[in-house]
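Novice: What follows is each chain in one-letter form.
Protein chains: 2
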Amino acid sequence: MEQIPRVLSWRNMLVLSLAINFSLILRILKGDDEYSLYRTAYFSMWPVASGSSASCNYNEMEEEKDDDRIINLKLGDPTVYERYWQEMGEMATMVIPGWQSLSYFSDNNNNLCWFLEPELGKEIVRVHNVVGNAVTQDRFIVVGTGSTQLYQAALYALSPRDDSGPINVVSAAPFYSSYPLITDCIKSGLYRWGGDAKTYKEEGPYIELVTSPNNPDGFLRKPVVNRSKGILIHDLAYYWPQYTPITSIADHDVMLFTASKSTGHAGMRIGWALVKDRETAKKMTEYIELNTIGVSKDSQLKASKVLKVVSDSCEKSGNETAKSFFEHSYDALSKRWELLRQAAKNSQHFTVPDFASQRCNFLGKVFESQPAFAWLKCGKGIVDCEKFLREKQKILTKSGKYFGDDQSYVRISMLDRDSNFKIFLHRISSSFNSTL
Amino acid sequence: MEQIPRVLSWRNMLVLSLAINFSLILRILKGDDEYSLYRTAYFSMWPVASGSSASCNYNEMEEEKDDDRIINLKLGDPTVYERYWQEMGEMATMVIPGWQSLSYFSDNNNNLCWFLEPELGKEIVRVHNVVGNAVTQDRFIVVGTGSTQLYQAALYALSPRDDSGPINVVSAAPFYSSYPLITDCIKSGLYRWGGDAKTYKEEGPYIELVTSPNNPDGFLRKPVVNRSKGILIHDLAYYWPQYTPITSIADHDVMLFTASKSTGHAGMRIGWALVKDRETAKKMTEYIELNTIGVSKDSQLKASKVLKVVSDSCEKSGNETAKSFFEHSYDALSKRWELLRQAAKNSQHFTVPDFASQRCNFLGKVFESQPAFAWLKCGKGIVDCEKFLREKQKILTKSGKYFGDDQSYVRISMLDRDSNFKIFLHRISSSFNSTL
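Chains A and B supply the protein sequences, listed in that same order.
At position 155 of the first sequence (counting the first as 1) the number is 155 in UniProt numbering, and the numbers step up by one without a gap.
At position 196 of the second sequence (counting the first as 1) the number is 196 in UniProt numbering, and the numbers step up by one without a gap.
Some clues are possibly wrong.
Identical copies carry no separate label here, and so any pair may be met within one copy or between two of them.
[Said to hold, decoys possible] Distance condition first, Cα-Cα at most 25 angstroms in a straight line; then the derived BS3-like pairs of lysine-lysine: (1) Lys398 / Lys283; (2) Lys187 / Lys229; (3) Lys283 / Lys187; (4) Lys74 / Lys122; (5) Lys394 / Lys187; (6) Lys276 / Lys398; (7) Lys229 / Lys308; (8) Lys401 / Lys283; (9) Lys187 / Lys345; (10) Lys345 / Lys398; (11) Lys380 / Lys282; (12) Lys282 / Lys187; (13) Lys380 / Lys229.
It is worth saying that the hints were derived from the structure and are not from the lab.
Since we're looking at a predicted model, the values are computed, not measured.
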């Protein structure tokens, strides 16, 4: 029998085996951090991220075969973010034990918003400090089941309690189509929709809703009514670097944000408000207590994890292989807007807004806004743009009439899946060229 | 040097080390099944269940040292269920990837309630069929952020849309203290609180809220007004075997349930409605769309898992070592009510309600109700029972005046943690004996 080479002696093999023992034990003890493997049906479907960077390549959009299906871009379902979060893999996985969060209450040290999970509060402050898009110092955080619920909480909190009748709530057209519906849905005696802020002439107190960047058209906004008894609510759902340059740190009395449009987690139903005034924050908390006895703890814990991943990605970024979440998302929207503008230029029969380029303090570059929605205007000859796109090209959009504007405009989601967006581009390029 | 014993030779140690490697690798690959270890701060605190049966022993309540702290039994925080869910361990653990549930929408085959997760719908039907407490056949399921939101959705759906002014909403006193607050909080033009159903005399349409078993007093209820234009909402939050015998399968037009009181997962914020009429279900869905654009998908997925564990436990039960969730919960409440009744008998200065014994079709035995709240009445000499207990014994309860009844009554939670309940029992036994 040949002698076993010295390097393969029992002792050396034992040392090697013990080293493997040690690393496996460390792996188990490290638990649900980067290296743990979960064999749920979901995980077996997707690639496991081996590091902290996602490698989404948005520069090459392959051709998508048009199967003639209806393309629904009517709503802002943020599925464009799916790819990033799939590639992040277990980095953003939440493990929730069955015994956790049974209680209505959080261990939150008598926080004014008694149902806010402390971890979420911490991550909200962190992400705003990292991005530099909103003041958090000396602000109360109120968490809500989406910013939709927080909007209603703010109306409840800010409406007067005297017998002067419902306060008017206005916003400059084109305004977010849901605002009038939400405001008036149960005919509140505290507040009511007062219409277009640009034409608002009534005396007395009013609430003005300033959405900036605006939904549907993407423009940055300031208050419009500007009279002495105005109370402002700032909806900053889209004030993130993937949509618009961050030129200053927003500093308003009531600022609303939502996970749906910052990280893309719409199904999670988490929003938050940064509120200056204690009494206002207290009343907003009271509304949410009466409406839903707080906010899902499971969603709050997931949101804190997701925001942590986002903030971590910002702090680790700096080179091609380790872009932050916002850089990835900026790239995705940048490419889409570039293609849309090209299609508009080629077609010459529809337009999309132009935005002034500005320097973004967070991304460190100059660019023009690339909003979550395209406010597309059909050219001459087309009175009802929504009808035209629906009937001629099976593209569903939301008509400008729902935004207090006219039917020559439509709002089109720029946040849908790649496949839908590509087919949309292809169809609008051909529809306008062949029809007009 | 001594010769190393043969058993400790390099070769044998290598074999042992390789065997350890193999089992560690298996452990990692098996992932989040029964044997995986999660090193989160939470898991290090609790024992990991090694099987599917929980072994909660409620028969021996050890003495709890009274540290003179304030005992708050004012609210129905269902922490009594923590022990069961801790002992279930990973059986009820939910693993939620970061990329899951980004979308607002579910893949739910055009379900009327478009944001309902199909898995949750399935488990809701299953648990009701297993327990036999409500008809699900031909019913629409509407999911909500707790039954609190569904109550408001039902009011929205059932209120007339003519110009007749807000419809009155009534309930027989003592009624759930939050109903008037929720109903009137934003002074809706569609509905308003109309007070005690027992003294309601107005003509025309009305909505009657029937809570059965009732909160606060635990009695089974039927409609009280019984006039021709009445619309009924049945709040069946406590119609589960741990609280009351299941004597029949509830069959009403609108039936509300909540995870908070069925499984104890209050922080999850999940409730559901079983609705007979399609238009009513559609309008309830519309309300929740306007209020919060649906319901947290993460909570829905967790709820479906929790309900599955509960239904599975019912199907596996049948002997001492494998009790169902409901049998465990029945035992916990049974013991508490026995101790409370004993304390009442010994003290003779306060009373709690007696209930008729009935046969429970699910548990297969005869027992009297053991509600989630004790509707305690202080004896003569004590006009304000809440004040007495708060000042003399540092026990916080909810005064009967908030339930449309008088101050000699208080509502006391029977769902709090063992430690708090024990101290409460000890104090009320001594307080009444020493003071009166």
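Novice: With identical chains treated as interchangeable, where does the CA-CA distance between Lys276 and Lys398 reach 25 angstroms or less: within a copy, between copies, both, or neither?
Specialist: Neither: 35 angstroms inside a copy, 33 angstroms across copies.
Novice: Could you place Lys398 and Lys283 in one of the four classes (within, between, both, neither) given a Cα distance threshold of 25 angstroms?
Specialist: between (34 angstroms within a copy, 22 angstroms between copies)
Novice: From the Cα coordinates, with 25 angstroms as the cut-off, is the pair Lys187 and Lys345 best called within, between, both, or neither?
Specialist: neither (45 angstroms within a copy, 52 angstroms between copies)
Novice: Reference check for the pair Lys394 and Lys187, CA-CA at most 25 angstroms: within, between, both, or neither?
Specialist: neither (36 angstroms within a copy, 43 angstroms between copies)
Novice: Checking an output row: Lys401 and Lys283, CA cutoff 25 angstroms. Within, between, both or neither?
Specialist: between (34 angstroms within a copy, 24 angstroms between copies)
Novice: 25 angstroms Cα cut-off: does Lys282 pair with Lys187 within a copy, between copies, both or neither?
Specialist: both (23 angstroms within a copy, 19 angstroms between copies)
Novice: Which holds for Lys74 with Lys122 at a C-alpha limit of 25 angstroms: within a copy, between copies, both or neither?
Specialist: neither (34 angstroms within a copy, 30 angstroms between copies)
Novice: With identical chains treated as interchangeable, where does the CA-CA distance between Lys283 and Lys187 reach 25 angstroms or less: within a copy, between copies, both, or neither?
Specialist: The answer is both: 20 angstroms in one copy and 15 angstroms across copies each meet 25 angstroms.
Novice: Taking 25 angstroms as the upper bound on the Cα-Cα distance, should Lys229 and Lys308 be classified as within, between, both, or neither?
Specialist: The answer is neither: 39 angstroms in one copy and 54 angstroms across copies each exceed 25 angstroms.
Novice: 25 angstroms Cα cut-off: does Lys187 pair with Lys229 within a copy, between copies, both or neither?
Specialist: both (23 angstroms within a copy, 23 angstroms between copies)
Novice: If the cut is 25 angstroms between Cα atoms, do Lys380 and Lys282 qualify within a copy, between copies, both or neither?
Specialist: neither (51 angstroms within a copy, 39 angstroms between copies)
Novice: Can you tell me if Lys345 and Lys398 fall within 25 angstroms by alpha carbon in one copy, between copies, both or neither?
Specialist: within (22 angstroms within a copy, 68 angstroms between copies)
Of the numbered hints listed earlier, those contradicted by the structure are 4, 5, 6, 7, 9, 11, 13.
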